[in-house]
Amino acid sequence: MSTPTPIDGDHELTERLSRDFADERRVRAGDDELIVRAGVAALARPRGGTFGKRTALFVAIAATLVVASAAAATSVWIATRHASPFERTQRSQSAPSEAKPGAPAHAAATRPAPTPPAVGGPEGDVPLVEPYAAPAAGPKQSAPAAVERTAASLFREASAARRAGDLGRARSLYTELQSSFATSSEARVSRVSLGKLLLGAGHAEEAERQFRSYLALGGGDLGEEALVGRADALSRLARRDDERHVWQELLARYPSSVYAPRARQRLGALGAGK
Amino acid sequence: MLRLLRLPPRQGSSGESGRGAPIDPLFALARAAGDGDGEAARTLLVTIGPALLGTVRGVIGARSADVEDVLQEAMLAVHHALPGFRGECKTIHFACRVAVQTAMNARRRAGYRLRYTPAVEPAELDALPHAALSPADVQSAVERREALRSLLDELPLPQGEALALHVVLGYSVDETAEATGVPVNTVRSRLRAALAALRERIKGDGQLREILGGPA
Numbered sequence: 001m002s003t004p005t006p007i008d009g010d011h012e013l014t015e016r017l018s019r020d021f022a023d024e025r026r027v028r029a030g031d032d033e034l035i036v037r038a039g040v041a042a043l044a045r046p047r048g049g050t051f052g053k054r055t056a057l058f059v060a061i062a063a064t065l066v067v068a069s070a071a072a073a074t075s076v077w078i079a080t081r082h083a084s085p086f087e088r089t090q091r092s093q094s095a096p097s098e099a100k101p102g103a104p105a106h107a108a109a110t111r112p113a114p115t116p117p118a119v120g121g122p123e124g125d126v127p128l129v130e131p132y133a134a135p136a137a138g139p140k141q142s143a144p145a146a147v148e149r150t151a152a153s154l155f156r157e158a159s160a161a162r163r164a165g166d167l168g169r170a171r172s173l174y175t176e177l178q179s180s181f182a183t184s185s186e187a188r189v190s191r192v193s194l195g196k197l198l199l200g201a202g203h204a205e206e207a208e209r210q211f212r213s214y215l216a217l218g219g220g221d222l223g224e225e226a227l228v229g230r231a232d233a234l235s236r237l238a239r240r241d242d243e244r245h246v247w248q249e250l251l252a253r254y255p256s257s258v259y260a261p262r263a264r265q266r267l268g269a270l271g272a273g274k
Numbered sequence: 001m002l003r004l005l006r007l008p009p010r011q012g013s014s015g016e017s018g019r020g021a022p023i024d025p026l027f028a029l030a031r032a033a034g035d036g037d038g039e040a041a042r043t044l045l046v047t048i049g050p051a052l053l054g055t056v057r058g059v060i061g062a063r064s065a066d067v068e069d070v071l072q073e074a075m076l077a078v079h080h081a082l083p084g085f086r087g088e089c090k091t092i093h094f095a096c097r098v099a100v101q102t103a104m105n106a107r108r109r110a111g112y113r114l115r116y117t118p119a120v121e122p123a124e125l126d127a128l129p130h131a132a133l134s135p136a137d138v139q140s141a142v143e144r145r146e147a148l149r150s151l152l153d154e155l156p157l158p159q160g161e162a163l164a165l166h167v168v169l170g171y172s173v174d175e176t177a178e179a180t181g182v183p184v185n186t187v188r189s190r191l192r193a194a195l196a197a198l199r200e201r202i203k204g205d206g207q208l209r210e211i212l213g214g215p216a
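For the protein sequence lines, the chains are A and B, in the order given.
For the first sequence, position 195 (counting from the first letter as 1) is numbered 195 according to our numbering, and the numbering increases by one without interruption.
For the second sequence, position 93 (counting from the first letter as 1) is numbered 93 according to our numbering, and the numbering increases by one without interruption.
Looking at chain A on its own, in the form it has when it is part of the complex:
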């Protein structure tokens, strides 16, 4: 980028300000991951859906409540319609005690709300909100709890902890993300993040498991990184045959990858050592 042209007598001022901002624009560690995450998330958002993530969250919660209310009303209507005249009479007599005035419509719901369609669509997309990706088993989450703990918020917290050097907390948050929102895209991406973190901390076996589980899901934007991470982990575990297969897979799947020269170099070294 060229140096800004001075504007009349403001040369010194603009020069100084430009220097101040040059530092702000510098690339930082972890930017690649942030960019890929933001890009994937942006492409997962529907055209016209230019609202922010927070707005999206509140809209989704409101939509969930509306769907739940509608489901409750529908189930009551269906039950009433298909009940015998006797049951209908009984229900109408007991109705005041079941549905107190002012009580929310969904309070009487006995049927879970229908699962809304997935927001992301194609594999690898990041859903906007995660209240729908609640744990398969366990107590039903209330709306406020969903606001507090989403896959996106967990991922953000974990990444922040990792950047801050709090590896223990980062690891625990990534693990929580993977167990609580197992099907989310964030959980998937976190396998590469956690794998790198574990590898850096010397836990090669666990790291290899993380990379392998990412790759087992197929596709994804971090395939190259996951393969390289897995190969590195296998190298540390001295599993030379497995490492060789992973490098070969990398070259087969991404022949012009930026990691290809390294893969060839390692394959040469592994072959020579056979």
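The hints are simulated quantities; they were obtained by calculation from the structure and are not laboratory data.
Each residue gets a CB set at the ideal place from its N, CA and C atoms; glycine is no exception.
Mixed in with the good hints, there may be bad ones.
Pair by pair, the computed Cβ-Cβ distance ranges are [stated by the list, open to error]:
no. : chain 1 : residue 1 : chain 2 : residue 2 : range
1   : A       : R26       : B       : S150      : 20 to 26 Å
2   : B       : E200      : A       : H11       : 34 to 40 Å
3   : A       : R28       : B       : E200      : 31 to 37 Å
4   : B       : A65       : A       : H11       : 16 to 22 Å
5   : A       : D166      : B       : P156      : 42 to 48 Å
Model the placement of chain B on the given structure of chain A, informed by the hints.
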């Protein structure tokens, strides 16, 4: 940088700006993305991602908690704007201009929050070990950036956009004109007006005057 799709070969005459600027290596990718090619869109966003991220950080502050959200918004805005992009300027300039607008809008929307936030975050001082500046110089740079950012919130959008592209992103006047699609003289007059507003602000603020008069 992660590469998802190999860049297409350089195009012929298409992608060349009307001003006779060099061929834009990203134009073919941008056109494919604009035509609905999802893989091209993903590759383009990842390729221009660092520039967009730098833009967002420049406008809203590198330490802002909203960097990721705004980057995502900027990427979405670029993606939506691509079908209308005809190569009037370089793809990267086009994308950065969209990011500047998105980030400026985000700052303006968040104005109510910023009013209750300290102008300078102590965390910014952690840049100190990497810089060959004294703590006072680092602090001065931080305050100069904040002064300019708060001015961006108040200026008319065309002036703010020109100032952001020229000062925050370091574009030359010609590049700013190309990115915004207006004549060079229009950019000059917008910058003059914006810098005059900045000078007025400096005049009325003793502390700022001291900072801007201090070491660079």
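Mind checking the hinted window 34 to 40 Å against the Cβ distance between E200(B) and H11(A)? Since E200(B) and H11(A) have Cβ atoms about 18 Å apart, the given range 34 to 40 Å is violated.
Against the range 31 to 37 Å, how does the distance between the Cβ atoms of R28(A) and E200(B) compare: consistent or not? This hint holds: roughly 34 Å between Cβ atoms.
Range hint 20 to 26 Å (beta carbons of R26(A) and S150(B)) holds or violated: At roughly 22 Å between Cβ atoms, S150(B) and R26(A) fall inside 20 to 26 Å, so the hint holds.
Consistency of beta-carbon spacing, P156(B) to D166(A), with hint 42 to 48 Å: Because 44 Å falls inside the window, the suggested range holds.
Given a hinted range of 16 to 22 Å, is it respected by the beta-carbon distance of A65(B) and H11(A)? violated (35 Å)
In this structure, the earlier hints numbered 2 and 4 are contradicted, and the remaining ones agree with it.
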